[in-house]
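Asker: Sequence:
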Amino acid sequence: MSHHQPDDHRSPEQLVAAGLLHRHPDGRPVPALGHSPIAYVSTALRAELAALAIAPSAAEATAAALLRTLADRAVDAALAPGNERAPHDDLYVTDPAHIGPHRRTVWFQRSGRGGPITVTYAP
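In this note's numbering, the protein residues as written are 1 to 123.
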């Protein structure tokens, strides 16, 4: 398993400005993510979660609720067989889930020790 996403050397805020990430409005800590809140969500993931809403007016609430559900089921990647030497508390992964037309794995990647968590599809 590749443990880190490719680094394009831009900060999360630069990626927000470029339209690749969105700030996540729910700052509540997530117990499964080491009691850390989600800070950023990839634009692609957010759009696919919002598209699952039953009405356009519910898109943001649907995306937030589904993201929270995914986060609650994420596990520390260092606990996966063969990944025992990976650092703990910097990458959490989900089992593949049906999001849009495909089964996808979602990564909850921490930026540095104690840093913000960004949610993306696994590469």
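These are computed hints drawn from the structure, not numbers from a lab.
In this text the structure is predicted, and so the values were computed from the model without any measurement.
Yeah, the Cβ is synthetic: ideal placement off N, Cα and C, and Gly gets one too.
Some clues are possibly wrong.
Said to hold, decoys possible - Restraint ranges, calculated between C-beta atoms of paired labels, are given here:
1) A53 x A86: 15 to 25 Å
2) P81 x A53: 17 to 27 Å
3) T69 x D89: 19 to 29 Å
4) P31 x G115: 17 to 27 Å
5) A53 x Y121: 28 to 38 Å
6) A65 x R85: 34 to 44 Å
7) P29 x L79: 11 to 21 Å
Asker: Would you mind marking each hint as holding or not holding in the structure?
Answerer: Here is what the structure says about each hint:
Roughly 35 Å separates the CB atoms of A53 and A86, a value that falls outside the hinted 15 to 25 Å. For the pair P81 and A53, the beta carbons lie near 37 Å from each other, so the given range of 17 to 27 Å is not met. The hinted window of 19 to 29 Å between T69 and D89 holds, with their beta carbons roughly 21 Å apart. About 18 Å separates the C-beta atoms of P31 and G115, a value consistent with the hinted range of 17 to 27 Å.
A53 and Y121 have their C-beta atoms about 19 Å apart, which leaves the hinted 28 to 38 Å range violated. At about 35 Å, the beta-carbon gap between A65 and R85 stays in the expected band of 34 to 44 Å. For the hinted restraint 11 to 21 Å between P29 and L79, the CB-CB distance of approximately 20 Å keeps it satisfied.
Hint check: violations occur at hints 1, 2, 5; the rest are consistent with the structure.
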